[in-house]
Structure formats: C-alpha cells, structure tokens
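Trainee: Spelled out from the first residue to the last, the chains are:
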Amino acid sequence: MKKVVILLLVLSMVLSMSGCKKEQVTAKFADDLKWDETKQEYVFEKKAELKFWADNDEYAAKIIELWDAKYPDVTLSYENVGSVDTAEKLKLDGPAGLGADVFYIPHNSIVDMRESGLLFQLPESDEAYIKEIMQDSATAVTMFEDNMYAVPSSVENIALVYNKQILAALPTLPSVLTVTGANLLEQIENEEIYLEELYEGVANWGNNFAGTGVEIPFLSDRFEDVDTTAEDIHTIFAYQLYDAYHNYPFLTRNGYRVFGEDNNDPTQFNITSKEVTESIKSVIGDWYGNVDGSKLFPGLATIQDIAWDQGPARLQKGQLAITISGPWVMGDIKTNLTTWAETGKFGVTADTKVSDLYGATKLPRFNNDVQPTTFSGVQVTGMNVYTDYPNATMNLMRFLASDEVMKEVYSTLGKIPSIKNSDNVPGLNEDEIARGFLSQAAFSHAMPVIQEGNYMWDPLRDVWTNIFDAKMSVEDAQTRSLDDYNKILQNSGAEQ
Amino acid sequence: MSNKKKKKWWQKLIGEKMTNSGWLSFFIFGLGQLKNKQKGKALILFAFQFAYVFIEVITSKLVKGVIPNQPEYWGYGFFRKGIHGFITLGETTGGRFRDNSPVMMIEGIMVFVLILIYIVIWKMNIKDANDTNLSIQRTGIVQSSKAFFAERFETGFAYIVSTPALLLLLFVSIVPILFAFLIAFTNYDAYHNPPSDLIDWVGFANFFKVIKLAGWRTTFAGVASWTVIWAILSTMTTFFGGLLLAVVINSKRVVLKKMWRTIMILPWAIPGMISLLVFRNFFNQTYGPLNAMLGMDIPWLNDPIMVKVTLVIINFWLGVPYFMMLMTGILTSFDKTLYEAATVDGANSRQTFWSITFPILSAQVFPLLIMSFAGNFNNFGIVFFLTGGGPRNLAYEYAGHSDILITWIYNMTKDFKMYNMASVMSIIIFLIIGGISTWNFLRSDAFKEDN
Chain A
1 MKKVVILLLV
11 LSMVLSMSGC
21 KKEQVTAKFA
31 DDLKWDETKQ
41 EYVFEKKAEL
51 KFWADNDEYA
61 AKIIELWDAK
71 YPDVTLSYEN
81 VGSVDTAEKL
91 KLDGPAGLGA
101 DVFYIPHNSI
111 VDMRESGLLF
121 QLPESDEAYI
131 KEIMQDSATA
141 VTMFEDNMYA
151 VPSSVENIAL
161 VYNKQILAAL
171 PTLPSVLTVT
181 GANLLEQIEN
191 EEIYLEELYE
201 GVANWGNNFA
211 GTGVEIPFLS
221 DRFEDVDTTA
231 EDIHTIFAYQ
241 LYDAYHNYPF
251 LTRNGYRVFG
261 EDNNDPTQFN
271 ITSKEVTESI
281 KSVIGDWYGN
291 VDGSKLFPGL
301 ATIQDIAWDQ
311 GPARLQKGQL
321 AITISGPWVM
331 GDIKTNLTTW
341 AETGKFGVTA
351 DTKVSDLYGA
361 TKLPRFNNDV
371 QPTTFSGVQV
381 TGMNVYTDYP
391 NATMNLMRFL
401 ASDEVMKEVY
411 STLGKIPSIK
421 NSDNVPGLNE
431 DEIARGFLSQ
441 AAFSHAMPVI
451 QEGNYMWDPL
461 RDVWTNIFDA
471 KMSVEDAQTR
481 SLDDYNKILQ
491 NSGAEQ
Chain B
1001 MSNKKKKKWW
1011 QKLIGEKMTN
1021 SGWLSFFIFG
1031 LGQLKNKQKG
1041 KALILFAFQF
1051 AYVFIEVITS
1061 KLVKGVIPNQ
1071 PEYWGYGFFR
1081 KGIHGFITLG
1091 ETTGGRFRDN
1101 SPVMMIEGIM
1111 VFVLILIYIV
1121 IWKMNIKDAN
1131 DTNLSIQRTG
1141 IVQSSKAFFA
1151 ERFETGFAYI
1161 VSTPALLLLL
1171 FVSIVPILFA
1181 FLIAFTNYDA
1191 YHNPPSDLID
1201 WVGFANFFKV
1211 IKLAGWRTTF
1221 AGVASWTVIW
1231 AILSTMTTFF
1241 GGLLLAVVIN
1251 SKRVVLKKMW
1261 RTIMILPWAI
1271 PGMISLLVFR
1281 NFFNQTYGPL
1291 NAMLGMDIPW
1301 LNDPIMVKVT
1311 LVIINFWLGV
1321 PYFMMLMTGI
1331 LTSFDKTLYE
1341 AATVDGANSR
1351 QTFWSITFPI
1361 LSAQVFPLLI
1371 MSFAGNFNNF
1381 GIVFFLTGGG
1391 PRNLAYEYAG
1401 HSDILITWIY
1411 NMTKDFKMYN
1421 MASVMSIIIF
1431 LIIGGISTWN
1441 FLRSDAFKED
1451 N
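Read top to bottom, the protein sequences are chains A and B.
Position one of the first sequence corresponds to residue 1 (the working numbering), numbered consecutively onward.
Position one of the second sequence corresponds to residue 1001 (the working numbering), numbered consecutively onward.
It should be emphasised that the hints constitute simulated quantities derived from the structure, not laboratory data.
The model shown is predicted, which means the values in this text are computed figures rather than measured ones.
Errors might be hidden in some of the hints.
[Claimed, not checked] Quick partial rundown of chain A residues pointing at chain B, CB under 10 Å, derived from the structure:
{"id": "1", "residue": "Ala-96"}
{"id": "2", "residue": "Asp-112"}
{"id": "3", "residue": "Glu-115"}
{"id": "4", "residue": "Thr-235"}
{"id": "5", "residue": "Asp-305"}
{"id": "6", "residue": "Ala-307"}
{"id": "7", "residue": "Tyr-386"}
{"id": "8", "residue": "Gln-451"}
{"id": "9", "residue": "Asn-466"}
{"id": "10", "residue": "Ala-470"}
[Said to hold, decoys possible] Sample of chain A residues lacking proximity to chain B, with all beta carbon distances greater than 10 Å (derived):
{"id": "11", "residue": "Lys-39"}
{"id": "12", "residue": "Phe-44"}
{"id": "13", "residue": "Tyr-71"}
{"id": "14", "residue": "Pro-171"}
{"id": "15", "residue": "Asn-183"}
{"id": "16", "residue": "Tyr-194"}
{"id": "17", "residue": "Val-214"}
{"id": "18", "residue": "Gly-326"}
{"id": "19", "residue": "Thr-335"}
{"id": "20", "residue": "Leu-337"}
{"id": "21", "residue": "Gly-359"}
{"id": "22", "residue": "Phe-366"}
[To be verified] Per the computed footprint, the stretches of chain A lying under chain B, defined by three or more beta-carbons under 8 Å from a beta-carbon of chain B, are:
{"id": "23", "segment": "82-95"}
{"id": "24", "segment": "116-124"}
Glycine included, C-beta positions come from ideal geometry on N, C-alpha and C.
Chain B with its partners taken away, still in its complex shape (with noise of 0.2 Å):
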C-alpha cells in the first residue's frame, strides 16, 4: 500500500484497510479503539452509540406503559417511530390522541439529521480504529487517548469550536427548512386538515400541476416574470437614482449638503407600512387627493399597466435613500487625490465621473446590488399593503396584475390553505434567487476579494 496509488472512494471513507479494530468498531463503536489500546477514545464512541441506543430503548414500549388498542408503531422507540412516522404520515384519524401528520413529519426528520450524525461518527469511528490499527503495525508506537485528543484539539480546533454552532443551525435552519421543503410533496390542504386528517406523500403531483393545469401555467408564467421584471426595475430605479442624488449633493456646486440630505432622507424616516397605507388612499382613483389635485381621473391603482408604473414609483420614493446614503458614505471616503491627478491629466468632470467615480463606487455596492435584487423580489410588503394584487386578473388563479410570486404565496396558504402549493412556489422562488444570487456573487469583485 505504499506506493502512491489514486485512492478508491471507500479508502478514503474508511482509511486504507479494514483491520480487525475497524471491524470490531464497525460492531460496536469503540471497541477497535479499545483493541487499539486507547481507552479513553473508546468510552466516549461507546457512549455516543450507547445514547442512542439507550434512548430507543427507553422510548420504546419495552420500558413505558401501553395504551389499549393502540397502533403497533406507537410502541416503537425513538427513531423507529420516527422513520416509520416519517414514511406513512400517521395511520390513525382524529385528532388528539391520534397521529398528527405535520408533527410526525418534522420528528421524522429530526431523527434523520440525528441518524446523519450518527453515520458520520460511525464512519470516524471505523476510520480511526483502521488508520491507527495500521499505524501501530508500521510503528509499534501506541498514541494514548490524551495524546491524541490533545493533538486533534491543536490541529482541529476549528473544527472543534464551530461544531456546537453547526448543530444549533442544523435543528433550528435545516429541520423547519426541510419541513417547508417537504410540503411540497404531500397533500397538505385545507381538506387534508390536521391534526384531525392525515397528510399523505404524493411526489411530483403539485409540480405536474403547475406545469399541466392551463390555469396554474398563465398565473405562474405570468405572475413570475412580472416579479422579475419587478426585481429589476425596482432595483435599478432605486441604484441609479439613489447614485444620481449622492452624486449631485455631492458636487462642489451645491450648497446646504446637510440639508438636502436631511430631506432625501425623510421617506426613510417612516415605518414604510404606514407610508403604503397611506398611499395606498393617496392613489384611489376616484377618492384619492392625487386625482383630486391633477383634476385627472387616472387609475393609478386599477389599471394592470399602471398599477405597475405605480409601484416601480412608489418604490423609488421608499428605496432612493438608502441607496443614496450608501453611495454618500463611500463618496465621501474617496481618495481625493485621484481626483487632482485626474484633473492635472486634464479629465472633463464626465471622464472622471465614468472612469474613477462609477467603476470604484460599483465595485464596493455590486453585492448590496444583488441583496437588494433579492429584497425586492420577495418585497411582500409594498404589494401586500399598496395594492392587494390588485387589480383582478381574470385569467390568473388566486392572483391579481401586481401580485409577485411571493403576495401569491400568501394568498394561497391564508386564504386559502394550499400549503402544499405554497411549498413549491416557495422552491421556485429559491432556486431563482438562490442561483442569480450565487451566480452574481461568485463573480463580483467583493466576493473574489474575499478569498
């Protein structure tokens, strides 16, 4: 085994060879470890696997009292009923005292991510007992326990420290992001209703029916590219304009810098809700000041093309001073002799402001860029209390004109309870975001900086 061979892929799961100790530890965790004479390293794998087997047990009927004409799997232990609730959703209807299908979901699910664990340290544990069965053959050296843990403390204190974290984020983010995940695949409606009724699995059904049922086709088609043509708009309205306005208070021409900021900074001073709500009466076509003031009769908020000029607007107002105070901020950090330089080499202000200011600035806000794309594609709120959706769509389903892929969700599950649904527009959502983010990160300068 010396010679310097590619590695097959179980090597490298479990080391080079099994040994006797990485059989013994394939049985029972540490047991190798103790035929390795390290003691100490054997108790704690031996506790490890002893807790779970421990814990099965003890929550299994063999040790707890037994309700009458109970279902069988209610008698199993842990991670069995687990698995099995996992698999069937709940076999008995009825509410309390039965199976709850969302429940027994997410236990199934923890006890997955717990029996992930338990298969990593098994693969450790077969892995360690092999490597240092071979290494006392080679060198007749046996490294005690403490020596051992001593030297992983000091090469894998990294490893060490953000396990607790890694764990933490494992049940508190992965579980409930699973659960929504797995939704997606199930029944879960209003007439599949727990915990009296049971969800069932039912695969790709709700995916098919997005891309079969003509109704769901026109709203997802439609409702999705009006949210991406939302998401650009309203992230480029508010860039260019927010970059426009620093740049302009910032010239050596104006006076009152202060000032004018103070003002460009008050839309942000309001809770936005309020100021949709407002708005929301402000644009009323027949009731609103607005129309009141023009003498006009425009329907801002009732017609399907101008409910969405409306929007990128109202937008504009919110989000033009955030990005405005951002583009000050690193303004005003600027190196100013690059600016002399630029001038002594005899620049027009538009050579330097094309060729300095833009390219320095873009580079520093292009990642808020993309956080920004991916608020705004999911900006719930500004549809939510500025329009409703509306106005209706006839040829949508639970939608209306301004309604993004998001608003739609919600519909669905409050008004309507198609959590199911939901669950997919939700994975559609994400794998839209999650790829332009990932893409646009990956080659922005910021990130590349990073590393």
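Isolated chain A (complex conformation) (with noise of 0.2 Å):
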C-alpha cells in the first residue's frame, strides 16, 4: 500500500512537472481605492491602524507627533528597521500580515521589493502630483515601465569634501588653468584646477603633509604623534577606494554611462567600451595605477586598505584634507564639532559652525571639460501590498511628501529633501555644504533599477581591483570585468 502511494506521488509529481502552466488572475485592489475630492485625501477606512519602518527614532517621533496632529483619530505606530533591511524582512513579513504599511528603503531595494510583488503601484493621479513636487532626477528611479512604485523623500550623491583649514595652508597646484586662488582652497572652489592635475600634485607631495613643505595649522592637534616618520598617517588625500560607487565618476570621462543612456538598458554594461578605457587611462595617469612607484597612496599593496576608517572617518577627526563622500559624512563631525568647541582643539569655538571647518564641492572637471558623473541616491517610501488599509496608507504616502515633513527631513535627519522648490525648507538654502552636494547632484544620474543593477557592482569595484591588485593591463581588466559580470547573470538565473 505505501509503494503504491509512493509511487503515485512521484507519477503526479512528474506528471505536474512536465505540464503545468501558469496562469495570471487580476487583484482587486487598486479598486478599493477611494478619492475625496473636497478633502483631497483618500477616504480613510473605519479603524484604520497605520504602522511605518523608519530607523531614526528621533524623527518617526516627530512625524507621529505631526501626524497626530492632522489626523488624530487614525492611530500610526512606528517600528525601527534598518532601511537596507526592510526588504528582506517584507518578504517574510508582508504575507504573514506583520510588515509596515509604508517603510523607508535605498532606491535600490525598489528593484527587489517590486521584483517580488511587495510595492502597490501608485495611482496616476499621485503619480502626477509627486512629479509635480518632486526633483525629476529622485522620481526617476521610483518609475518602472511608466509606472510609479515608491515616492521620493531625500537624496543624496558623493562629492569633494575636504577640511577648509588645511587646504586654506596649502599653496595652489599647477594648472593649465589660469589660477587666480591665493591657495588650494580658493583654486579648488573657484575650480581652477583638473581632476587629474589635483590627483598628481597631491601625488608629487607624496599625499602627505610633510611632503608640502608648509606648516599645516594645529598639527598637533590633529595627530598624537606629529614626528611620526609613517607617511601614511599624513595622507591629503583618501577615499574607499575599494568601492564602485565611489568610483564610478572615474569611468564617465569620455561618456560612459553604466547601462545606457537611461541606465536601464541591460544589454548595455559596455565595461570593455573604449570610453571605459580612455577615462581610466586618463585618470590613473603614469602614477595612479602604478601600484610600485605609486605616490598618491605609497605603500598601497591593496585598494582593500583605504576604506571608511582611513578615509572620510579621519576627515571627520581632522586628519584628512580631502576626501569623496556623502552627506553622511556630516553627522559626525557636527558631533566632534561640540566637543572640539569644549576642549578648544583646531582653534574651535561655540561660535563656529560645521561650514567654517569643512567645505563641499562638485568634484574637479576632468581634463577634457566633462565634468564626473555620479551615482544618485534617493530615499524613498514605499507602500505595502499586503495593507489592509489602502486609502489610509495613501495619504500617509502622501503626508511623508509633504513640506511639514520634508522640513523634519532636512532638520532632524539632516538630508536634502527631494523637492523641487527648496524655499518651503527653512536653511536649507543657506546651508552650504548641502549647497555643494547639491553641484555635483546636477552631474549625478540614478542608480539602474533593473535586476542586473544588483550585479554591476563587483564587477565595477573590480576593473579597478584587476589593475591595482592583478596588475592587469587596462584591457584585460575590462575583460576580466566582463566575464564576472555575465558569470553572475548566468549563476543567478537569468535567462540568457
């Protein structure tokens, strides 16, 4: 009896196997939707609970607060979860009925999270009135297909960032450029000076204080050893070198751009372009890439050694002149500001503000005139499929796009909200280190939201990786950049 049961089973099973087809049955849902035209929300469901995953608590606190204020008969409750985790955790928790109605993830979660089914797509008619608020450039990655999946609340894109005090010491570089600064400082705001010409005088100092021969100001404050024979503690210049994101600018001199002109096309990786080689040809020079005789990082065995801890943490202590970075490099050193201010270190007082110490630029045109391109980063909200409440969660979609909100963005979180008129933020237009993150944000283009932008990087990171660590010709590193790429595709399962 049990062989035959067993052997029932395996029949049906391959039987099932070699003739099942797949059929697809509508939703119901975008239908539940109901528009109040006179209150110009949705129409709230009775009881409805809202719940959302932020991960600052300081900040869910005061949305709640402003929340309860607009809408005090409808109760939204907070859970903190990492933004870069929440995908992960809605898969498992959407169709239990456990997730969030709305969360906070990377732009790059929307590729994963509407892959898998877990983001409502947005209606046309807030499609249209969150482009009508909203930076094109944030938008942009929320739409797949001409359909919305996730509305923007912040952005943010690396640029130059470098310590004001030290680089108001140093003397100007040489340039082709007519330089009219009294020091680097000046040369580099008033952008007299190439990437590339930038990389080789740091590079001919020997990327290091004592190699420009002038005195740096509060030396001893910055190092517990000044005397220090270790170069390497006195670098100018560093930045995680071992991440795509972070170099990606040094592949677009001559017009590449990573998956086409929309970064969405995915038979457009193009590493092995021409473009490609002459941008990283261009930029690593005779002394870049020159791992044995390199003067810009000396000693460097790996690209591994220059991560966050030896780049933009040590700007952040005052250590470091410059570095490539985000925004978020700011929340420190605000920080370290209140206790330089106590101890008096770097000359700081209570008066001194963050831009007096630190300055941030669109990062050096590159010796043709093109100026870097940059990844763009946008933060988004996202809504749950799996809600019971549409229409509620609507309008808290849209409450979290709106200026009362946007003003907490900016204040609590110290993002750079993602509308286009800028003037309902109160500072923000003063602010002028957010000022030069948004320079270089004009030269930044959004990460691909196609499957395979998950894939780019390893093999983005490493065409650098097989010319610093393989010593791999340029060309080779492209092919070899290439072959990982299309490995990946094929071990992942997508169908070639």
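Starting from the two chains in their separate frames, assemble the complex, guided by the hints.
Mentor: The structure is reproduced here in structure tokens:
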C-alpha cells in the first residue's frame, strides 16, 4: 500500500512538472481606493491603524507628532527597521500580515521589492502629483515601465568634501587653467584645477603633509604623534577606493554610462568600451595605477586598505584634507564640533559653524572639461501591497511627501529633501555644505532600477582591483570585469 | 501462529494477521475497537480521524466562499491543497492574491508531517484492533478501555510525556530544516523572486552545477579545503595553547596564579566582534598601527597565505582563554594522590604529564574538541568581520582567499540572492560536520560511558 502511494506521488509529481501552466489572475486591490475631492485625500477606512518602518527614533517621533495633529483619529505607530533590511524582512512579514504599511527604503531596494511584488503601484493621479512636487532625477528611480512604485523623500550623492583649514594653508597646484586663487582651497572652490591635475599635484607631495613643505595649522591637535615618520598617517587625499559607488565617476570621463542613456538597458553594460579604457587611462595617468611607484597612495599593496576608517572617518577627526563622500559624512562632524569647542581643538569656539571648518563641492572636471558623473541615491517611501488599509496608507504616503515632513527630513535627519521647491524648507538654501553636494547632484544620474543593477557592483569595482591588485593591463581588467558580470548573470538564473 | 517463526515485515506493522476488527479499523479509525467492545479507545481514535476530515472539509470550497475566477485548486481543502501546492509550487503569478511559492512549500511540508502522524496513528490503530481481537479470541477476556489506558500509562509513560516535545520539535525544528533543505532542489534565486514570481522544482540541477561548472568546482574545492584546514588548525592551536597555559599556570613553581589567569582570560571579556573590527584596522597594511610600530610592510590581510596565518593567530588570541579555563578547571579537580603515587614510583614530571595528566584530560575534553571543531568550521564572525573574505581570488566565484564555506554561503544569499545554491552548500556542510561529529562522538570515551 505504502509503495503504491509513493509511486502515485512520484508519478503525479513528474506529470505535473511536465504539464504545468502558469496563469495570471487579476487583483481587486487597486479598485479599493476612494478619493475624496473636497478634502483632497483618500477616504480613511474605519478603524484604520497604520504602522511605518524607519531607522531614526527621533525623526519617527516627530512624524507621529505631526500626523496626530493632522489626523487625530488614525493611530500611527512606528518600528525601528534598518532601511537596507526592509526588503528581506518584508518578503516574510508582508505575506504574513506583520509588515508595516509604509517603509523607508534606499531606492536600490525598489528593484528587488518591485520584482517580488511587494510594492503597491501608485495610481496615476498620485503619480502626477508626486512628479509635480519632487525633483525629476529623484522620481526617475521610482519609475518602471511608466509606473510609479515609490515616493522620493531625500536625495544624496557623493562630492568632494574637504577640510578648509588645511586646504587654506596649502599652496596652489600647477594647472593649465588660469589660477587666481591664493591657496588650494580657493583654487578648488574656484574650479581652477582639473581632476587629473589635483591627483598629480597631491601625488607629487607624496600625498602627505610633510611633502607639502608648509606648516599645517593645529598639527598637534590632529595627530598624537606629529613627528611620526610613517608617511601614511598624514595623508592628504583618501576615499573609499574599494567600492564601485565611489569609483564610478572615474569611468565617466569619455561619456560612459552604465546600462546606457537611461541606465536601465540590461544589454548596455559596456564595461569593455573604448570610453572606459580612455577614462581609466586618463585618470590613472602614469602614477595612480602604478602600484610599485604610486605616489598618491604610497606603499599601497591593495586598494582594500583604504576603507571608511582610513578615508572619511579621518576627515571627520580633522586628520585628512580631502575625501570623496556623501552628506552622511557630516553627521559625526557636527558631534565632533561640540567636543572640539569644549577642548578648544583646532581653535574651535562655540560660535564656529561646520561650514567654517569643512566644505563640499562638486568633483573637479576632467581635463577634457567634462564633469565626472556620480550616482545619485534616493531615499524613498514604499507602500506595502499587503496593507489592510490602502486608502489610509495612501494618505500616509502623501503626508510623508508634504512640506511639513520635508522640513523634518532636513532638520532632524540632516538629509537633503527631494522636493523641487527648496524655499519651503527653512535653512536649506543657506546651507553651504548642502549646496555643495547639490552642485554635484546636477551631474548625477539615478542608479539602475533593473535586476542587473544589483549585479553590476562587483564587476564595476573590480575593474580597478584588476589593475591595482592583479596588475592587469587596463584592457585585460575590463575584459575580466565583463566575464565576471556575465558569470553572475548566468549563476543567478537570468535567461540568456 | 504459535510457533516461533520470524515475523514478516507486515506482521510487525499490523499484528499477527488481519482480523475483521483490523479491517474495520483500516477504513474507519476506532471501528474495530468498537467491535472489540472498547468504546473509550474507539471514541478517541475516531475523533482523531474525524478531526482530519473535518479540517479538510471546512477549509475547502464546500463550505467557504469562492473568489471569482480563482484556479480550481484554491478550493481544495487544507491537506489536498497542501500536497498540490507542494508539488506544483504555485500556478498563478503576481504577488498578493496569487500563489506564494515558499509559503506553499512550507504548508506542504507541514501537511506531509501531519499526514505522517496520521499514518503512524492509522497503523497503530489497525495493529491494536488486530492484537486485541486475537487476544479476545484466545482468552475471551475483554480489557476495558480504562484498564488499557491505565496499563499504557504505566508501561509507556516515558513515551507519553515526550510526545508533546516531539510534536513541537517536529514543527519548530524539523519543518524549517526540511524547508531549507528542499530549497536546494528549486530555482529560488534573484530571477525567481517570490511572492510575485513562482519557484519551481529543478531536481538535482544545482548539485550538478557545483560538480560540472569549472568555476563552481574550483571555488568549492578551494573553499572547502581551506575550511577543513582552518577548522583543524584553529581547533588544534587553541586546544594545545590552552593546555600549555593551564599546565604552566597550574605548576607549583608559578606564583600569582590568580593574576595570570585573570590576564589570560581578558580577551574573552571583550565581545569578539568588537575585537575583530579593531583587529581589522590594527592589521591594515598601509594604515595599521602594527606595521607602523614594527616599521615593516607586512601584508597581514592582503596576501593569500599571510591572511590565513593572521586568521589563525587572531583566532588563537580569541579562543585560547576558553580552553585554558576549561583545562584549569579539570586540572584542579584532579586527585592529588595520583601524582603522589607517581612521585613515589619515581616518575619524572614529563612522565607524569604524558601518562597521567594528558590521558585523563583528553578523555574529558574530547567531546568539547569536536564541538570546537564544528564551531570553527562555521566560524562566520572571524572571517566576516576580519577579512570579509578578502583578498579577492580571481579564480573563485563570489569568494575570496580567506572565505570559508559559511561566509561563502552568506555572500551568495545576501549579495546575489542565490538561495538555491546556498542551500546546496548548507547540505554539504551538514554532511561534513554531521559525519565527522557523529563518527567522533561515537568513538569518544565520554560518549561510551554515557551508554
């Protein structure tokens, strides 16, 4: 009997595997939305209760306060969930009915979550409304095949971040441009130097303060051991080298864009293109990728050595002159400033502002007058397709895009709101550092929102690793990078 | 049937022969028992079968409303739907209100477990009907249900009290493990992304991938052999290091024993993850304080061989206190007269150590050694936080020179969402660790004494 049962099971399994057909069923969900013209909001479900996920307690408390003032009848609760963990968490919690109705995610999570059917597709009317109030580059990442799947909240991109105190003490560097600035700070802020020249100049100093031959202010405040002979501790320029996000701009000199013009064409990875070769060759010159004789990063055996702790973290401590990083680097600096004011470090007093010590501006142009292109990152809010209260949740989505919340995004989170009209956010227009990052934002494009976008990172990073570590020629490094990319696609189940 | 013939397999299952009562119970639970005049037993057994049928019916479309245009199998009852879902892993795509393959698989596994329980009870029910019937035929005495349960409660008490725990374990432990195991036979990856996409059974295709594709084969061979070497080295160094320290500190000639012990245990007082993150910067080739202090340029974490040496050294630093404290504890509990007797017999200290201390000690710590081996085999933290798998290995897929199997699996799932391949690797790890551990435990004295 048992054997017969097993036999039947196996038979039916084989049959069903060969003969199964997938069918599509239409959802009833979108029909549930009811718009109230007079109130300009969706009609709240009775007894609606909402929950949202974010990763900042202070911000969440502010949001709930504002919400309660506006909609006192609808309870809004909050749970602290890291924005990068949201996608994985919601895949389990969503279908189980435990997920939040609205959540904050980085825009690259949109791909995965949309593909797995977790994101509610916004109605056209809301899409139009969001496009009206939000920056175009920010809404671009939320779109897929002409449908909107999330609402932008804040934007961020990397730029050149520097210590004004140190740069002001350094002399100007040679440039083919006319230099009117009196020191390196003015030269950079006046855009009187090309990227290649900046690299080369810093490299000629040995990328170290001793090599500049000038006195760096408050040197003893910066380093415990001023007289150390270890060159590396007094680095001038360092950023996260082992990272595709920070290295991408240096591929773009001759017009390379990953996945084509709209960044979403899976057939256009193009890492082996001539444009990439030329861009890398121009940037590395005869010094950057030359590991044995590299003057910019002396003694550098692998690019893995310069991570957050060796780059941006040292800028935050006042030890590094220049880095390439995003607005997130400013968070700790604000905290440090208070400590420095108490101890009098770097001549900081209670009146000193962050912008007195630090600055941000767009990356210097390449020597063919092209501005390096960076990736823009967008923090977005997404709506859980498994919500029980679609109308109330849509109202929350719209609320989170309103000016009053955008003010909190700037003042509490310290992020740059993605709205078009920055006049509605007090302080934003006067914020020098925010403006510095925004100046590079104009030369940023959205990260790809196709599945392949998740697979590009290692190959994009390793084109540099292949040159530095494996000591390949630029062309070989590109070929190898493409091979890696194709292998990932194949292994991850993409249909070739 | 009275002659002592060897029982056939079916006789073990259902009793000596099928009686009328047995046939009755074959179709309806408890009916044979009712014929045997054991009403209480009959009621309980029947209630069990009724519960299953009831659940099946109440969850089916016979009593529940039907969503328009839904596929036919959505109207099946719990059990039928579970089996159907397990076999097909869903037929409608698109997220909410459609099929969710992993959920269907889990439900299917649960249904199978429930059916397994059903079959076990079914078998017991038939066997009991037969046995009782034969016993009545032979003796003419009908045992009342009450007497039966009283007897079973006496004889089978251990089984009765452990049943709830067993059931709980089945669902809390076995079902998730089966799920993770079965993922290896599906195409659950980034391009088959539930809930919106469905996943499908692919048989052994993923296993063939590991064997057939050159990249995977190289990576697997390389990572697996480093993992084994790593597990052996890291266990042995900490074990003998701990032993040495314990013996030295325990020696009569050492003063300030407590102070030494306290200092030695300090690495254990700091959370391992913090130490590892600190070490990561400490050993940085270009910027690290260690190379600056030494005035040298040693690629601690950047050279394929050196990184492995560094890992073993740091693991030694982290792991030695544990073994030291363990051995110290055991050493202090030793019977002093053994040593006195040895001294009287003229044994020198080396003889005492190798003939008395070491054999007793190793017998006691051997099972812990195996545990430690298994722990190091899957020592995710040290590789992940210290090297992140680096330096990169051009010949590997998704792994670096210092990656061990478990961190490789992590890369595959976290960064590339290859759940199926990760599950294949987990099965392989399970077979290796399970095999070695079982073999070792069976050989160890500690295990033998337990029996």
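Trainee: For each hint, tell me whether it holds in the structure or not.
Mentor: Against the structure, the hints come out as follows:
For A/Ala-96, the shortest C-beta to C-beta distance to chain B is roughly 9 Å, which falls under 10 Å, so the interface hint holds. Hint on A/Asp-112 holds. Least Cβ distance to chain B is approximately 7 Å, under the 10 Å limit. Below 10 Å, beta-carbon pairs count as interface contacts, and A/Glu-115 has one with chain B at about 5 Å; its hint therefore holds. Hint status for A/Thr-235: holds, given a least beta-carbon distance of 8 Å to chain B, under 10 Å.
Of the supplied interface hints, the one on A/Asp-305 holds, with its beta-carbon coming within about 4 Å of a beta-carbon of chain B, less than 10 Å. For A/Ala-307, the interface hint holds, since its Cβ comes within 10 Å of a Cβ in chain B; the closest pair sits about 8 Å apart. Restraint check, A/Tyr-386 versus chain B: the minimum CB separation of about 6 Å is within 10 Å; hint holds. Taken as an interface hint, A/Gln-451 checks out: its beta carbon lies about 6 Å from the nearest beta carbon of chain B, inside 10 Å.
Hint status for A/Asn-466 relative to chain B: holds, with the closest Cβ pair at about 8 Å, below 10 Å. At about 6 Å, the closest approach between the beta carbon of A/Ala-470 and any beta carbon in chain B falls short of 10 Å, and the interface hint on this residue holds. Every beta carbon of chain B lies more than 10 Å from that of A/Lys-39, the smallest distance being close to 27 Å; the non-interface claim holds. Under the 10 Å C-beta cut-off, the non-interface status given to A/Phe-44 relative to chain B holds; the minimum distance is some 21 Å.
The beta carbon of A/Tyr-71 sits about 25 Å from the closest Cβ of chain B, which is more than 10 Å, so the claim that it is off the interface holds. A cut-off of 10 Å between C-beta atoms confirms that A/Pro-171 is not in contact with chain B; the least separation is 26 Å. Here A/Asn-183 stays apart from chain B, with its beta-carbon at least about 27 Å from theirs, past the 10 Å limit. Chain B leaves A/Tyr-194 outside its interface by the beta-carbon criterion, the shortest separation being 27 Å against a cut-off of 10 Å.
No Cβ of chain B approaches the Cβ of A/Val-214 within 10 Å, the least distance being about 23 Å, so the stated non-interface status holds. For A/Gly-326, the shortest C-beta to C-beta distance to chain B comes to about 21 Å, beyond the 10 Å cut-off, and the non-interface label holds. Every CB of chain B is more than 10 Å from the CB of A/Thr-335 (nearest about 20 Å), matching its label as outside the interface. Consistency note on A/Leu-337: stated as away from chain B, and its beta-carbon is indeed over 10 Å from all of that chain's, at 24 Å minimum.
With a minimum CB-CB distance of about 24 Å to chain B, A/Gly-359 clears the 10 Å threshold, and the non-interface call stands. Against chain B, the non-interface label of A/Phe-366 holds: every CB pair exceeds 10 Å, the least being about 27 Å. Counting residues of the segment 82-95 of chain A whose CB falls under 8 Å from any CB of chain B gives 3; the rule of at least 3 is met. Residues of the segment 116-124 of chain A with a Cβ under 8 Å from some Cβ of chain B number 3, which satisfies the need for three, so the listed coverage holds.
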